[in-house]
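Asker: Each chain is listed here by its residues.
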Amino acid sequence: MASTSTDPMVEVRNLSKRFGPILAVDDVSFTVGRGEVLGFLGPNGAGKSTTMKMITGFLAPSAGTAVVCGADILADSIAAKRQIGYLPEGAPSYPDMTPLHFLEFVARVRGFSGREAREAIGNAIECTSLGSVLAQPIDTLSKGFKRRVGLAQALLHDPPVLILDEPTDGLDPNQKHDVRKLINLLAAEKAIIISTHLLEEVDAVCTRAVVIAAGRLVADGTPAELEQRSRHHNAVRIELASGMDQAEAALQALPGVESVERVSDDEGTALLVFARGGRSIVAEVADLARDRRWEVAGLRVERGRLEDVFRQVTLAA
Amino acid sequence: MHNVAVIVRRELQGYFATPLAYVFIVIFLALAGSLAFFAGNFFERGQADLQPFFNFHPWLYLVLIPALAMRLWAEERKSGTIELLLTLPISMTEAVVGKFLASWIFAGIALALTFPFWLTVIYLGNPDNGVILASYIGSFLMAGAFLAVGSCLSALTKNQVIAFVVTAAVCFLFTVSGSQIVLGVLRGWAPQLLLDTVASLSFLTHFNAIVRGVIDLRDAVFFLSTIALFLYANAVVVDLKKAD
Numbered sequence: 095m096a097s098t099s100t101d102p103m104v105e106v107r108n109l110s111k112r113f114g115p116i117l118a119v120d121d122v123s124f125t126v127g128r129g130e131v132l133g134f135l136g137p138n139g140a141g142k143s144t145t146m147k148m149i150t151g152f153l154a155p156s157a158g159t160a161v162v163c164g165a166d167i168l169a170d171s172i173a174a175k176r177q178i179g180y181l182p183e184g185a186p187s188y189p190d191m192t193p194l195h196f197l198e199f200v201a202r203v204r205g206f207s208g209r210e211a212r213e214a215i216g217n218a219i220e221c222t223s224l225g226s227v228l229a230q231p232i233d234t235l236s237k238g239f240k241r242r243v244g245l246a247q248a249l250l251h252d253p254p255v256l257i258l259d260e261p262t263d264g265l266d267p268n269q270k271h272d273v274r275k276l277i278n279l280l281a282a283e284k285a286i287i288i289s290t291h292l293l294e295e296v297d298a299v300c301t302r303a304v305v306i307a308a309g310r311l312v313a314d315g316t317p318a319e320l321e322q323r324s325r326h327h328n329a330v331r332i333e334l335a336s337g338m339d340q341a342e343a344a345l346q347a348l349p350g351v352e353s354v355e356r357v358s359d360d361e362g363t364a365l366l367v368f369a370r371g372g373r374s375i376v377a378e379v380a381d382l383a384r385d386r387r388w389e390v391a392g393l394r395v396e397r398g399r400l401e402d403v404f405r406q407v408t409l410a411a
Numbered sequence: 019m020h021n022v023a024v025i026v027r028r029e030l031q032g033y034f035a036t037p038l039a040y041v042f043i044v045i046f047l048a049l050a051g052s053l054a055f056f057a058g059n060f061f062e063r064g065q066a067d068l069q070p071f072f073n074f075h076p077w078l079y080l081v082l083i084p085a086l087a088m089r090l091w092a093e094e095r096k097s098g099t100i101e102l103l104l105t106l107p108i109s110m111t112e113a114v115v116g117k118f119l120a121s122w123i124f125a126g127i128a129l130a131l132t133f134p135f136w137l138t139v140i141y142l143g144n145p146d147n148g149v150i151l152a153s154y155i156g157s158f159l160m161a162g163a164f165l166a167v168g169s170c171l172s173a174l175t176k177n178q179v180i181a182f183v184v185t186a187a188v189c190f191l192f193t194v195s196g197s198q199i200v201l202g203v204l205r206g207w208a209p210q211l212l213l214d215t216v217a218s219l220s221f222l223t224h225f226n227a228i229v230r231g232v233i234d235l236r237d238a239v240f241f242l243s244t245i246a247l248f249l250y251a252n253a254v255v256v257d258l259k260k261a262d
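One line per chain: the protein sequences are V and Z, in this order. If you read the first sequence in the numbering used here, its first letter stands for residue 95, the second for the next number, and so on. If you read the second sequence in the numbering used here, its first letter stands for residue 19, the second for the next number, and so on.
No wet-lab data here; the hints were simulated from the structure. Every residue gets a Cβ at the ideal spot worked out from N, C-alpha and C, and that includes glycine. Warning: the hint list may mix true and false statements.
Stated by the list, open to error - In the PhoX-like style, the derived pairs of lysine-lysine whose C-alpha atoms are separated by at most 25 Å in a straight line are:
{"id": "1", "chain 1": "Z", "residue 1": "K96", "chain 2": "Z", "residue 2": "K176"}
{"id": "2", "chain 1": "Z", "residue 1": "K176", "chain 2": "V", "residue 2": "K237"}
{"id": "3", "chain 1": "V", "residue 1": "K270", "chain 2": "V", "residue 2": "K237"}
{"id": "4", "chain 1": "V", "residue 1": "K237", "chain 2": "Z", "residue 2": "K96"}
Claimed, not checked - Here are the in silico distance ranges between beta carbons for each label pair:
{"id": "5", "chain 1": "Z", "residue 1": "G231", "chain 2": "V", "residue 2": "L168", "range": "10 to 20 Å"}
{"id": "6", "chain 1": "V", "residue 1": "A229", "chain 2": "Z", "residue 2": "Y40", "range": "18 to 28 Å"}
{"id": "7", "chain 1": "Z", "residue 1": "A187", "chain 2": "V", "residue 2": "L228", "range": "37 to 47 Å"}
Just chain V, with the same shape it has in the complex (with noise of 0.2 Å):
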């Protein structure tokens, strides 16, 4: 379970959060490499924005700390805090600001002055297409203008450590697809955390996930690592153009079969082989249909499915 990365960015040692009563996260530890993009995965009140706001240093941990860069956030959080881009939730920005005296504004925050300031600016405006909208107040501004105002605010410094807390929810595909190019570009040199509940993204730009729930990490891994868990993972789906009744009784007979399921969905009609303990038997089942002579339509190996992982480990919590 543990980060393969030798460069940690990010360590989050045991971290809890208490309000009142609820146990809102509930001693979460993980770590975060250059070049890794960590998406934090879980339901909606799993937890995945109190831990942004510990490591950002907004929220004060009831236990366990956070590490960026070497610096504590508890006991050095300005030089913590100095480290991190972070786009909170729902991207909040000063709504009677223009974007250009928002962002002035932040890169003055950020110890930017004169020329430095005009360069870190324009960057950030490059990077995020801000430039038609610099002198409108904010509050007049698109939902997608006013995500990437945020995004542009984070960016603005260079951070090694970037933390979005879902940069691209209530964009549009186009916007989406933007926004995680643009991450995918700035992957390699940084430490990226972006919390989603959106799993085609872990897909789209994750190098790595971590799935929450109910405050505990319940899963921790590659995007591929965790498609395994899933009873799809190399599960074999085979078209026929007819005997299906007798194709579903000799697939149930081979060794390497756990089931077998008829399923009618947009493709058509099919059966679904699913394989014993996540092995391989496409081979079996290919042979199988060789020597029986069926009329195979499609035959297809199942790569295991995100979303089937994720209610699994999120209602086993």
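The hints should help you fit chain Z onto chain V, whose structure is shown.
Answerer: Just chain Z now, kept in the frame of chain V:
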């Protein structure tokens, strides 16, 4: 110090980016003027001083300063920008002091724009400029105390209306705590020490002492320490409530 300046600048930008600043200044000047002229008999008194003008400041502030202070933290909490502000590399003290100072500077600008009154009395007669300067300083200090109370209370809620009402009520108590109405309630059962303490908390008493032209260091210290106390409480309240 640099961070405080950056926050002051952003806040002031915020005031002037909306009609708030202009509406506030215009209403402040209009009310200050009409109260002095109509209720204070500015001309009829036949004296070249600003006493009738300054006498109404506590009551003017009672209405207008909570309106200025109510948004300080309530708005940040409501819009979620508090999360942005407090995850920037600044300390809580810098954030609280910066926001307070900006509002105080703004109140100072509104107060300074009343200078035509001063010009008027100079034109009409030969006023004691020392008293007028002392009165301006006293009024500014009192505005700061009102603002500090308002800033602290606005951190308690996300609702600006609640912040306004509670601030106005608390400021009213501070204003009148030296009056016979309040002291009369306490007299007879409360120990003299409590009576003296309550009386000494009165903004009005301290302000009137300054307006009479006697800048006693104790009155200035009173206002400054009230500001410091409420700003300290402000930081504590922000820390406690920011997660809600």
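Asker: It remains to establish, for every hint, whether it holds in the given structure.
Answerer: Each hint tested on the structure:
1. K96(Z) / K176(Z): holds, 5 Å
2. K176(Z) / K237(V): holds, 23 Å
3. K270(V) / K237(V): The hint holds at about 12 Å.
4. K237(V) / K96(Z): Holds - the C-alpha atoms of K96(Z) and K237(V) are around 18 Å apart, at most 25 Å.
5. G231(Z) / L168(V): 10 to 20 Å: violated, 52 Å
6. A229(V) / Y40(Z): 18 to 28 Å: holds, 20 Å
7. A187(Z) / L228(V): 37 to 47 Å: holds, 43 Å
Comparing the model with each earlier hint shows a violation of hint 5 alone; every other hint is respected.
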